[in-house]
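Please take these sequences and the hints and turn them into a complete structure.
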Amino acid sequence: EPEVTQTPSHQVTQMGQEVILRCVPISNHLYFYWYRQILGQKVEFLVSFYNNEISEKSEIFDDQFSVERPDGSNFTLKIRSTKLEDSAMYFCASRTRSNQPQHFGDGTRLSIL
Amino acid sequence: RKEVEQDPGPFNVPEGATVAFNCTYSNSASQSFFWYRQDCRKEPKLLMSVYSSGNEDGRFTAQLNRASQYISLLIRDSKLSDSATYLCVVTSSGGYQKVTFGIGTKLQVIP
Numbered sequence: 001e002p003e004v005t006q007t008p009s010h011q012v013t014q015m016g017q018e019v020i021l022r023c024v025p026i027s028n029h030l031y032f033y034w035y036r037q038i039l040g041q042k043v044e045f046l047v048s049f050y051n052n053e054i055s056e057k058s059e060i061f062d063d064q065f066s067v068e069r070p071d072g073s074n075f076t077l078k079i080r081s082t083k084l085e086d087s088a089m090y091f092c093a094s095r096t097r098s099n100q101p102q103h104f105g106d107g108t109r110l111s112i113l
Numbered sequence: 001r002k003e004v005e006q007d008p009g010p011f012n013v014p015e016g017a018t019v020a021f022n023c024t025y026s027n028s029a030s031q032s033f034f035w036y037r038q039d040c041r042k043e044p045k046l047l048m049s050v051y052s053s054g055n056e057d058g059r060f061t062a063q064l065n066r067a068s069q070y071i072s073l074l075i076r077d078s079k080l081s082d083s084a085t086y087l088c089v090v091t092s093s094g095g096y097q098k099v100t101f102g103i104g105t106k107l108q109v110i111p
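Residue numbers (my numbering), protein chains in the order written: chain A, 1 to 113; chain B, 1 to 111.
These are computed hints drawn from the structure, not numbers from a lab.
Straight line, CA to CA, 20 Å or less: simulated SDA-like cross-link-like pairs of lysine to any residue:
#, chain 1, residue 1, chain 2, residue 2
1, B, K45, A, Q100
2, A, K42, B, S26
3, A, K83, A, R109
4, A, K42, B, R37
5, B, K106, A, Q41
Listed below in structure tokens is the structure:
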């Protein structure tokens with residue numbers, strides 16, 4: 001069964017450094033998402049991406065965050081200047097079309113020191 | 001009122017028991033509904049979509065009540081492997097579909 005894949009599985013970064021999280025969505029999917037989950041808290045929506053542009057973003061997704069789909073397969077989340085509170089699991093998800101469920105990657109654990 | 005509300009639990013039930021979770025949502029225009037399962041420190045995995053007519057998948061039954069704006073998940077004959085957090089997910093109408101997760105209900109099945 002096709003999967004969403006994410007790399008790296010764990011990223012440790014110094015506060016203030018830039019970090020790029022990578023995702024390869026399922027190949028025929030059209031809608032892409034990033035979520036984060038702080039330990040012990042709920043899954044929080046960050047951003048959705050469709051047709052090579054951001055379709056929706058949450059309040060969390062401020063100027064420090066950006067997303068890109070640099071080629072036909074990768075979907076990246078960049079955090080420009082990381083803060084301690086950015087420490088969380090970051091999940092990428094994708095889906096085919098409206099009303100279909102999202103499929104999640106197994107996440108990147110981001111630890112900011 | 002929270003957009004998607006769930007009782008965080010934990011629900012501790014013996015093996016073989018039947019357990020039910022509810023989830024309420026605030027946006028009456030919500031369009032699609034799902035139950036996901038999340039194991040500790042793992043990604044959410046789709047358990048089942050929820051349809052207006054109700055649907056069943058083995059030991060799992062999901063119901064949607066649009067008038068009262070809640071969805072439910074019933075698990076029959078609980079197994080130890082059912083221990084997890086069950087996430088209620090609601091999507092809004094429209095092409096891009098804002099997706100909102102509930103905090104999840106933790107289930108612990110006890111031998």
